[in-house]
Amino acid sequence: MINKKVKNVQEALADVKSKMTFMLGGFGLCGIPENAISELVRLDIREVTCISNNAGVDDFGLGLLLQNKQIKKMISSYVGENDEFERQMLSGELEVELTPQGTLAEKCRAAQAGFPAFYTPAGFGTEVAEGKETREFDGKMYVLEPAFKADFAFVKAWKGDAAGNLVFKGTSRNFNPNMCGAATITVAEVEEMVEVGALDPNNVHIPGIFVQRIFQGKNYEKRIEQRTVRQKQ
Amino acid sequence: MINKKVKNVQEALADVKSKMTFMLGGFGLCGIPENAISELVRLDIREVTCISNNAGVDDFGLGLLLQNKQIKKMISSYVGENDEFERQMLSGELEVELTPQGTLAEKCRAAQAGFPAFYTPAGFGTEVAEGKETREFDGKMYVLEPAFKADFAFVKAWKGDAAGNLVFKGTSRNFNPNMCGAATITVAEVEEMVEVGALDPNNVHIPGIFVQRIFQGKNYEKRIEQRTVRQKQ
Amino acid sequence: MALDKIGIAKRIAQEVQDGFYVNLGIGIPTLVANYVREDIEVEFQSENGVLGMGAFPFDGEEDADIINAGKQTITTMPGASFFDSSMSFAMIRGKHVDLTILGAMEVSENGDIANWKIPGKMVKGMGGAMDLVASAENIIVAMMHTNKHGESKILKKCSLPLTGVGCVTKVVTNLAVLEVKDNAFYLLERAPGVSVEAIQNATEGTLIINGEIPEMAI
Amino acid sequence: MALDKIGIAKRIAQEVQDGFYVNLGIGIPTLVANYVREDIEVEFQSENGVLGMGAFPFDGEEDADIINAGKQTITTMPGASFFDSSMSFAMIRGKHVDLTILGAMEVSENGDIANWKIPGKMVKGMGGAMDLVASAENIIVAMMHTNKHGESKILKKCSLPLTGVGCVTKVVTNLAVLEVKDNAFYLLERAPGVSVEAIQNATEGTLIINGEIPEMAI
Numbered sequence: 001m002i003n004k005k006v007k008n009v010q011e012a013l014a015d016v017k018s019k020m021t022f023m024l025g026g027f028g029l030c031g032i033p034e035n036a037i038s039e040l041v042r043l044d045i046r047e048v049t050c051i052s053n054n055a056g057v058d059d060f061g062l063g064l065l066l067q068n069k070q071i072k073k074m075i076s077s078y079v080g081e082n083d084e085f086e087r088q089m090l091s092g093e094l095e096v097e098l099t100p101q102g103t104l105a106e107k108c109r110a111a112q113a114g115f116p117a118f119y120t121p122a123g124f125g126t127e128v129a130e131g132k133e134t135r136e137f138d139g140k141m142y143v144l145e146p147a148f149k150a151d152f153a154f155v156k157a158w159k160g161d162a163a164g165n166l167v168f169k170g171t172s173r174n175f176n177p178n179m180c181g182a183a184t185i186t187v188a189e190v191e192e193m194v195e196v197g198a199l200d201p202n203n204v205h206i207p208g209i210f211v212q213r214i215f216q217g218k219n220y221e222k223r224i225e226q227r228t229v230r231q232k233q
Numbered sequence: 001m002i003n004k005k006v007k008n009v010q011e012a013l014a015d016v017k018s019k020m021t022f023m024l025g026g027f028g029l030c031g032i033p034e035n036a037i038s039e040l041v042r043l044d045i046r047e048v049t050c051i052s053n054n055a056g057v058d059d060f061g062l063g064l065l066l067q068n069k070q071i072k073k074m075i076s077s078y079v080g081e082n083d084e085f086e087r088q089m090l091s092g093e094l095e096v097e098l099t100p101q102g103t104l105a106e107k108c109r110a111a112q113a114g115f116p117a118f119y120t121p122a123g124f125g126t127e128v129a130e131g132k133e134t135r136e137f138d139g140k141m142y143v144l145e146p147a148f149k150a151d152f153a154f155v156k157a158w159k160g161d162a163a164g165n166l167v168f169k170g171t172s173r174n175f176n177p178n179m180c181g182a183a184t185i186t187v188a189e190v191e192e193m194v195e196v197g198a199l200d201p202n203n204v205h206i207p208g209i210f211v212q213r214i215f216q217g218k219n220y221e222k223r224i225e226q227r228t229v230r231q232k233q
Numbered sequence: 001m002a003l004d005k006i007g008i009a010k011r012i013a014q015e016v017q018d019g020f021y022v023n024l025g026i027g028i029p030t031l032v033a034n035y036v037r038e039d040i041e042v043e044f045q046s047e048n049g050v051l052g053m054g055a056f057p058f059d060g061e062e063d064a065d066i067i068n069a070g071k072q073t074i075t076t077m078p079g080a081s082f083f084d085s086s087m088s089f090a091m092i093r094g095k096h097v098d099l100t101i102l103g104a105m106e107v108s109e110n111g112d113i114a115n116w117k118i119p120g121k122m123v124k125g126m127g128g129a130m131d132l133v134a135s136a137e138n139i140i141v142a143m144m145h146t147n148k149h150g151e152s153k154i155l156k157k158c159s160l161p162l163t164g165v166g167c168v169t170k171v172v173t174n175l176a177v178l179e180v181k182d183n184a185f186y187l188l189e190r191a192p193g194v195s196v197e198a199i200q201n202a203t204e205g206t207l208i209i210n211g212e213i214p215e216m217a218i
Numbered sequence: 001m002a003l004d005k006i007g008i009a010k011r012i013a014q015e016v017q018d019g020f021y022v023n024l025g026i027g028i029p030t031l032v033a034n035y036v037r038e039d040i041e042v043e044f045q046s047e048n049g050v051l052g053m054g055a056f057p058f059d060g061e062e063d064a065d066i067i068n069a070g071k072q073t074i075t076t077m078p079g080a081s082f083f084d085s086s087m088s089f090a091m092i093r094g095k096h097v098d099l100t101i102l103g104a105m106e107v108s109e110n111g112d113i114a115n116w117k118i119p120g121k122m123v124k125g126m127g128g129a130m131d132l133v134a135s136a137e138n139i140i141v142a143m144m145h146t147n148k149h150g151e152s153k154i155l156k157k158c159s160l161p162l163t164g165v166g167c168v169t170k171v172v173t174n175l176a177v178l179e180v181k182d183n184a185f186y187l188l189e190r191a192p193g194v195s196v197e198a199i200q201n202a203t204e205g206t207l208i209i210n211g212e213i214p215e216m217a218i
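Protein chains in written order, with the numbering used here: chain A, 1 to 233; chain B, 1 to 233; chain C, 1 to 218; chain D, 1 to 218.
So here's chain A without its partners, still in its complex pose:
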């Protein structure tokens, strides 16, 4: 067993630098690497490019880096929950590359799996396809999208072990597995670190080979964006 365990978030992010490109898992505030984000704020890393489906909310998630003006460029599919984001974008302070959600996921997976680019129908005929190669297959048009390149991927899992194996819970899985192994270094934070051998090999969602560092996360807030409930009769 190759040991990927590091002591804490400080050790995991010790070599993170300004101007790097990061991938961050999560959908909205669900499944985001809260510890890594806090550490990026603390380290005050600047001018970074973030690949993440959303940009958090004003006072949580990637919104914290936005408030702090640490982000130079965001690559996301949806940023509707963040006023500061919209302000920085419309004013031109923040560079934004909006990417269809399925394309975003597959650009991660392509990087993970060694595909240089792929053809997808998403965005054909829209401004997303402007300047990109398009091509017909079987009478349908597709856009060529290159794989992402990133320095670090920060992902959050439910359970993990020292071998780097990860298991996700519910919809907090989302982009996290697709980002593992898609950057030069993948850092996983987990809610619960379990003994090696405790995870069922049949139900490991991400094998440790895709993860370079893993640590036991702490103080998870796991904020809910839209608390929708019904009342018991």
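In short, the hints are calculated from the structure, not lab data.
Not one of these hints is a red herring.
Listed next, the in silico DSS-like pairs over lysine-lysine satisfying Cα-Cα at most 25 Å (straight line): (1) K181/C to K156/C; (2) K149/A to K73/A; (3) K132/B to K73/B; (4) K140/A to K149/B; (5) K117/C to K156/C; (6) K218/B to K17/B; (7) K159/B to K169/A; (8) K132/A to K117/C; (9) K121/C to K73/A; (10) K95/C to K140/A; (11) K5/A to K169/A; (12) K95/D to K5/A; (13) K132/B to K132/A; (14) K117/D to K72/B; (15) K148/C to K117/C; (16) K69/A to K117/C; (17) K218/B to K169/B; (18) K19/B to K149/B; (19) K69/A to K17/A; (20) K157/D to K124/D; (21) K140/B to K132/A; (22) K73/B to K117/D; (23) K117/D to K132/B; (24) K218/B to K5/B; (25) K159/A to K159/B; (26) K159/B to K7/B; (27) K159/B to K5/B; (28) K69/B to K121/D; (29) K124/D to K73/B; (30) K69/A to K121/C; (31) K140/B to K95/D; (32) K222/A to K5/A; (33) K69/A to K124/C; (34) K157/C to K181/C; (35) K140/B to K156/D; (36) K140/A to K132/B; (37) K124/C to K72/A; (38) K73/A to K19/A; (39) K157/C to K132/A.
Position chains B, C and D relative to chain A; hints supplied.
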């Protein structure tokens, strides 16, 4: 819950016809759809094209269809365990398209996921790439490989439910998940049919949306090709 | 009388057939789930990674790890599954989802849809909408027929940046049910009490009216 | 004295470093696992869908559902995982596997390898070899230096259909350890008691001999 359960293999394969293209899961004899293969022999379907990593052995798996001369064309990556296969191929009776194993898997996954084709480095500079489009990305050469098209995918899972959800065991998983949803109709046979709700939603390997028919298989032989063991001291 | 949002959702719910896997967009489409006939089997997919969505959780039982694409807390039905984003869009791109219902700011007579951006003013992003409309074969749009200034959103040509081209098959508005084909909107049904003339006046795109147009039965 | 298969496996095992994920081909490469130093951590991947392979099972404990790419029954180590073929080749194509060890019928001085077909005579197929050699950056070939007629298999140019081009980094044969670079085989080590001259005679490709060539320490 959309019910995919059919009574038995006869019902599941009732509309299978000669000259169709089939995908069959399994690696060697591990994880092959034994019930579907037996039924194809019984129905005496002819001139079929089979997409399967291997071709079974002389007297088991797809070897049974070969003995019976039901197969017109095989698309496989490795056929080394089958004398009848080699005989039919060298004599020209059997058309064979040898495809690198990772390419074979991804041609299935591309069909499942709606990708028309993909670029892979496998086979560049070899006869596998002859007549195919090649292209350079970042200084490395890739071959364009189209997605498979098939009429039926026959897969075998360990457990499944009426919703079509599947769970696989050990290395009998192999190509089975990649073939689900990659053909017009996916037929899954399972060793154990469980109640809907019994599978952990976090550990469903293939969601039921990729499966059109599911049935409780029977009489699994699960033959071992290379029984390698060591002795207890 | 023109429909309200719930009316639109109720009418669209009639389009959902037995055995359908359905993806519901944010807004009115989300409401559709509440009005689907109870004697048919349907499964709802949400592109953030769940198949088999159920109702909202009971107060106190919500789970931050179980949400839909609108970031709302949800529950799951027996037979549900969770998966990653790549597999979620494999379902969508691979045409395994049978019906896509989403909102729009504009729709044009050739089936184009615009719903993600107002240049210089509003940029929320396309989320999964571009993937959905580029692949789905059965796309129903839920929208108001006109904007708050009374201007038609059912157009000859979209003025806003497109989400997808030539993809919309049906539109259900507060005024009408329209089928999109052959570069025109075919009027299929009127909202209760709404005249054909009122629909014609609210429609900028080519409107085809064949024979008597029935009222919606909701 | 020339090495036997076990000797070749033992020598290759020395190339395996701490923290390596290793893919072992069928034949001699499979034997390498038995001789890796015990004080380092290594995980073995098999392309049929397992990471963290262990030893063969005890007699009676074999499981038809748990095999390696050679179709042999195996066991797994703590921390192992199973996955589908697509993910398995994501590991390989995505360069997550650090070292690939496989057999060959021919290797040429520019790093080409042929190991899957003898036209008109033997066609077993390439299995996962073409994917492995097209992506791996560290490829060691385990093979006999000559065929049964004494003809060199270490060539200027392969005569058989290729498996991959310009990809082999090192070759360990029964006679020598060779590094492949700059269109030549660099002789690094001799098998115990085998002379440089004997190696030269058995090598058709360009052989570079720099200084004193040490014997392998096995």
